[in-house]
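Q: The residues making up each chain are set out below.
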Amino acid sequence: MNDHEIFMNLIKNNISEMQDTIDSLYVSCNACTKNILLNRLRKNMSNLSMLVQGLQNSASASVGTGTYNPQQNSTRMFTTADLAKYNGKDGNPAYVAVNGTVYDVTNNAAWAAATHFGLTAGRDLTSEFTSCHAGQPVLSRLKVVGMMA
Amino acid sequence: MNEPNLNCTNSKMRLETASVLVHKAINAIGQNKIKKGNLIWLELTGCSGNIISLLDGADPNFKNLATQMVNFIYDNSLMAAEGESAMEKLFGVIGNDFILAVEGAVSTKNDGLYNIIGRWRGQAVTAFDAIKMLGEKASYVVAVGTCASDGGISAARPNPAACVGTQNLLGRKVIKLPGCPCHPDWFLGTLAYILMFGEPALDDRNRPIMFYSTLIHDMCPRRPYFDQGIFASQLGEETCMFKLGCRGPVTRVDCPIRKWNNRVNWPIGDNSPCIGCAMFGFPDRMEPFISYDTTRKE
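Chains as they are written, first to last, in the numbering used here: chain A, 1 to 149; chain B, 1 to 298.
Certain hints may be false.
Straight line, CA to CA, 27 Å or less: simulated DSS-like cross-link-like pairs of lysine-lysine [what the hints assert, rightly or not]:
| hint | chain 1 | residue 1 | chain 2 | residue 2 |
| --- | --- | --- | --- | --- |
| 1 | B | Lys-259 | A | Lys-43 |
| 2 | A | Lys-43 | A | Lys-12 |
| 3 | B | Lys-63 | B | Lys-35 |
| 4 | B | Lys-12 | A | Lys-34 |
It should be emphasised that the hints constitute simulated quantities derived from the structure, not laboratory data.
So that you can see chain A by itself, here it is in the shape it has in the complex (with noise of 0.2 Å):
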């Protein structure tokens, strides 16, 4: 299964989670279900956002190429040092590593100020990444900028 599949069947599961809550708004009179059921339309809408976004990212991305591979997207490459000077401080944009790619944090709402739990921008966070978003589809809404060296 490629990722366009996932996305796919992802974004299918949702719209039926969406269609069953629906359903259970319609019979539902209690104002504290009716409430949970809300919280979870709109948990489901924001999930439905994030994978809009990733299956765009996939499609511009695996134009000619079949699938989504960041490595084949972008060819500049970045050293440790390279990467440190794109903190987010002065101006720089905030770029993170994960995995051997950059990506690009500025304008990505969880890193306010380029800085995001404790993590600052212009590093490998790798292990960081692994250890909190492992299994997350979090990656495929970040703009790759390179490779690190």
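Given the structure of chain A, go ahead and fit chain B onto it with the hints provided.
A: The following block gives chain B in isolation, referenced to the frame of chain A:
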């Protein structure tokens, strides 16, 4: 721009959650459908900000809690009893059904010697002892505020008293209500739910999803500025404070709707970035709270 849209069903219902639950619980108690709960509130290693915040509650308020919902057996700041007789009340609850609310972290260094909460039968009782003795026996344990939930400010670097959150010391589920302080609605709504239905639906960090399901960023009245890339470059500008280091995009709680001090205002509504006080890792992992030499504008 700073007002949440209360024509939105979701916002309106969320705002009313605590009030609806508390009044349902009070009615059910009045009709003898359910019993009043016994409540113990322990103030451990913290600033007592959560009990002060609770006193500031408005619809539901503290009077609803103390007179109609629970037998409020122990809280060292509010009770009339003192010394040994107060401790008798505290430990006298063992053997009965009770709900334990904890605020403040637990100091663990030197067997908890850095926080002694009273003397009982001639012996000093540490916060560590109290949480061990009462935490395992309570029908529910609710960590009120960030320190009790995850260590919070009490456990911030360099953490000289080796403070930890309540969950670290108990081999049972602790319902967490992080926030510095905890909003009165979050506690009263959760307590009312427990009295009527038992444990509320929790997320993967044991926070009730009725209050902690969405990011501040999701409901922020300044979100349109973020989406359009219009960012404040200094405090006082009424646009998105992302570039100044706002933690709204990683903080999961409903402040934008509920607001504080009888729903008057909240940090972002007063041009101050969210500092992520309701998120694990606060304060160390939410710093810096404000940044000026930051990324380019795009």
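Q: Tell me the numbers of any earlier hints that the structure contravenes, in ascending order.
A: Of the numbered hints given earlier, the structure breaks none, since each of them holds.
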